[in-house]
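A.B. asks: Chains A and B, in that order, are what the protein sequence lines are.
Following our numbering, the numbering of the first sequence begins with 1 at its first residue and continues without gaps.
Following our numbering, the numbering of the second sequence begins with 1001 at its first residue and continues without gaps.
In case anyone wonders, no lab produced these hints; they're calculated from the structure.
Fair warning: this is a prediction, and the values are worked out from it, not measured in the lab.
Only true hints are included.
One-sided and incomplete, this derived list gives chain A residues near chain B with beta-carbon spacing under 8 Å:
no.	residue
1	I7
2	P8
3	S29
4	I30
5	W33
6	V34
7	F37
8	Q38
9	F41
10	V42
11	R45
By construction, the Cβ of each residue, glycine as well, lies at the ideal position given by its N, Cα and C atoms.
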Amino acid sequence: MNDSMSIPHLIMNASTVVQLVMLLLTVGSILSWVVIFQRTFVMRRARRSHQIFEERFWSGVDLNELYRETPAEQETQGAEHVFRAGFREFNRLLPKTRSPQSILDGVQRSMRVAWSREEERLTLHLVFLATVASASPYIGLFGTVWGIMGSFQSLSMAQQATLATVAPWIAEALIATAMGLFAAIPAVIFYNRLSAESGRLLGKYEDFAEEFHSILHRNLQGRTETATA
Amino acid sequence: MARHDQRVGYGLPVILAVALHVAVVVFSVISLPDRDPEPTSSSIVQATLVSTETTTDQAQRAEEARARAQAREAEEQRQAEEAARQAEEAAAAEEAARQAEQQEQREAEVRAREEARQAAEAEAARRAEEAEQQARLREQQEEARRQREAEEAERQRQAEEEAERRRQAEEEAERQRQAEEEAERQRQAEEEAERQRQAEEEAERQRQAEEEAERQRQAEEEAERQRQAEEEAERQRQAEEEAERQRQAEEEAERQRQAEEQRRREEAAQRAAEEAEAALQRAIEGESEAVANAQQGQEAANSFINLVRRAVEQAWVIPLNVPQGASADVSVRLGPSGELFTATISQSSGDSAFDRSVIQAVEAAAPFSELRQLPATVQRDYRQFILRFRPGDVR
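Turn these sequences into a full structure, and let the hints guide you.
C.D. replies: In structure tokens:
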């Protein structure tokens, strides 16, 4: 492989449009990798904290104590956030109404709001990853088509159409497609993985919310029975 | 539980992403150029030369070629000398012809001048005669005029006499009665006579003036003629001088041309001597150079054979059912610039489809224009070679 066909040389000698395409793809690739790393860390941390919280929740600790242990609402995440929102609503509604149904409704509503916030937090930037995954092959393909157009234009001016006159142009044009694929493939893979992960976490949160809701329901049921009895 | 570091910042992911890309770039820059891209091509065509020549053989051939070239050169030189001599002879003949022509021309000029002189003399004579004739004519006219004038005078004189007679008769008749009148009349007649005489004198003077003018005119004409004759003579003299000058210039040019030729001959002789010297030098140097040439030619020829073999390999479409171990030899003859003259099967494989494919491969790979890049000494040796096609275990 001679020097004129090395990849940096080809990139430096590419036409302006192809170079812009390559720059765009490089930026997209870097940003998508930033998102991938960041989301991976977030997911891993959320999973671990959820595990810890569940262990603690099911360890038979008193709910009031657990509520007092957790910090302010803005700093809590995941299932903890859902628990805090639901339990706070339960505590607020309990002295105000006698109807257990309305209490449970209010608790469920506030837990759904918390869950929705958690969903938003987990799936943040995943849309960008999806965009990069779907668009960058096309962008790279555009660069390739443009480069091949240029190569054929230059070929029309050449006297002899040998492979050596076309080869650098096509190689340079194909680099754009390669870069598009290079940006798109990890984005696709990690988008699927991260969205699956976030979906699984959100399912766990939902499960937890249902369980917590049933606990509260049981608690209320017992309380009304004691009150009637 | 450390809640505060649950928020994940973007610093570490950015660093990681950039590091990943840098790693990819470094990998692509470093590892791709180092990768060996050349697949080892299995040689399926074996090209062998008709004449594989040793170094000494090459040298001999080169020597022979040089000798041939020298002989050719000598022959050429001889021919050139012959041509030069012929050209000289032709030039001499031409020169003679030109001289004869010049002689003739000069004679013709002299003749022409002579004729011109004679013509001029004749002209002068004719003019003089004419002038004389005119003068005679004028004299005759003069004579006639004088006679006429004399007659006139005679008539006047007779008239006078008549008048005198009449006067005398009248005087006689009227002498008494008109003495005074008569005197008067006489005086008048005298006056009349006087007037007539004066008129006569006047006429005489006029005639003389006319004659004078005529004489002057004739003198002028004569002078004019003389001047013209002189001019004519002057012109002729100038023409002669001009001819003389031209002849001298021609002679000068002839002398120069001869000197030039002499110089050229000398130069040619010197050049021939130098060339002979150089040929001797070359002959001395010849042996070692021939060996070096042969070696260089061998290298170039090897690369040429490789090129031919590769081109033919690429163009060869091997037919499907070739018998195992089939092999065909193709004798190829190339033109001086590498174009294909003939490609014939010198040893058939026994399979006509295989033979055809082999011939087609050679035809498709032609022309082998790399032949022109070979040194001239070995080009001739590589214009004919045999290619052996053996598919082996390809497929």
